[in-house]
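Student: Sequence:
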Amino acid sequence: MHATPTEPLDVETFAQPVQQRRFVEAMERLAAGRAPETPVRVYISAPPRTRGSEKWDSRLAHIREALPTGVEVLTYESVFGGDRPYDWGPLADELDGLVVLGKAKRPGSRVYVLGPTARQELRSLIARKPVLIYSHNLGLIPVIDCKSQVLAPEETPRLKLVAPKRWTANSETLSAALKALDPNEGPEEEQRPPSLPHLAHPFTAPPQ
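Note that my numbering gives residue 234 to position 170 of the sequence shown, counting from 1, and the numbers run on in steps of one.
Treat the hints loosely; a few may be bogus.
Simulated pairs of lysine-lysine, DSBU-like, Cα-Cα distance not exceeding 30 angstroms [what the hints assert, rightly or not]:
id	residue 1	residue 2
1	167	224
2	229	167
3	167	119
4	229	119
5	169	119
6	243	224
7	119	224
8	169	229
9	243	119
10	229	243
11	169	224
12	167	243
Label pairs and their calculated CB-CB ranges [claimed, not checked]:
id	residue 1	residue 2	range
13	113	89	32 to 42 angstroms
14	74	234	13 to 23 angstroms
15	85	120	31 to 41 angstroms
16	122	99	18 to 28 angstroms
17	74	149	43 to 53 angstroms
18	92	217	31 to 41 angstroms
Just so you know, these hints were derived from the structure itself, not from any lab. Cβ atoms here follow ideal geometry from the backbone N, Cα and C, with glycine treated the same way.
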């Protein structure tokens, strides 16, 4: 998932072939292990400024359209609104996937920055469930296909994600992630597959 200093930026993905293969296999196990008619819940993580903008409803509608039909979309307001405290741990255990929205470096940019809260939300699910970033220009992109970099300060590190320049929506990783989030997918047999292994190492903070 992490590009090396000499790695070209003009690529379809920053993930290594073995990472892609393991991701696809893990997503297939998630889809196969879902019982029929089991609800699928996806949380949309966005900073307050984005949620409060006049374009928020439109962006949320685009994300809903990009996700499989029947997915239950959760937002900060629907889960933690009013007097309800922000308690991510219990919610994360009930989620089937996560979509993050970062701050674009500039209009049309492929570079997005996630704040400390979104970074922690991403880290809690990246090794277990489908985690995607939403790009206004490119749509949904599995985070595994992006180049990542932890940014200072160390006390509250942010995360920079760079989308591949030649990213295409017909990628195998996106197809697998969406299949894992499709409520209509389920096991063909009564027997469930083995439990899901870790997909990739979580993002770590800069060395002390």
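Student: Are there hints from earlier that the structure breaks, and if so, what are their numbers?
Tutor: Violated hint (a single one): 16; every other hint is consistent with the structure.
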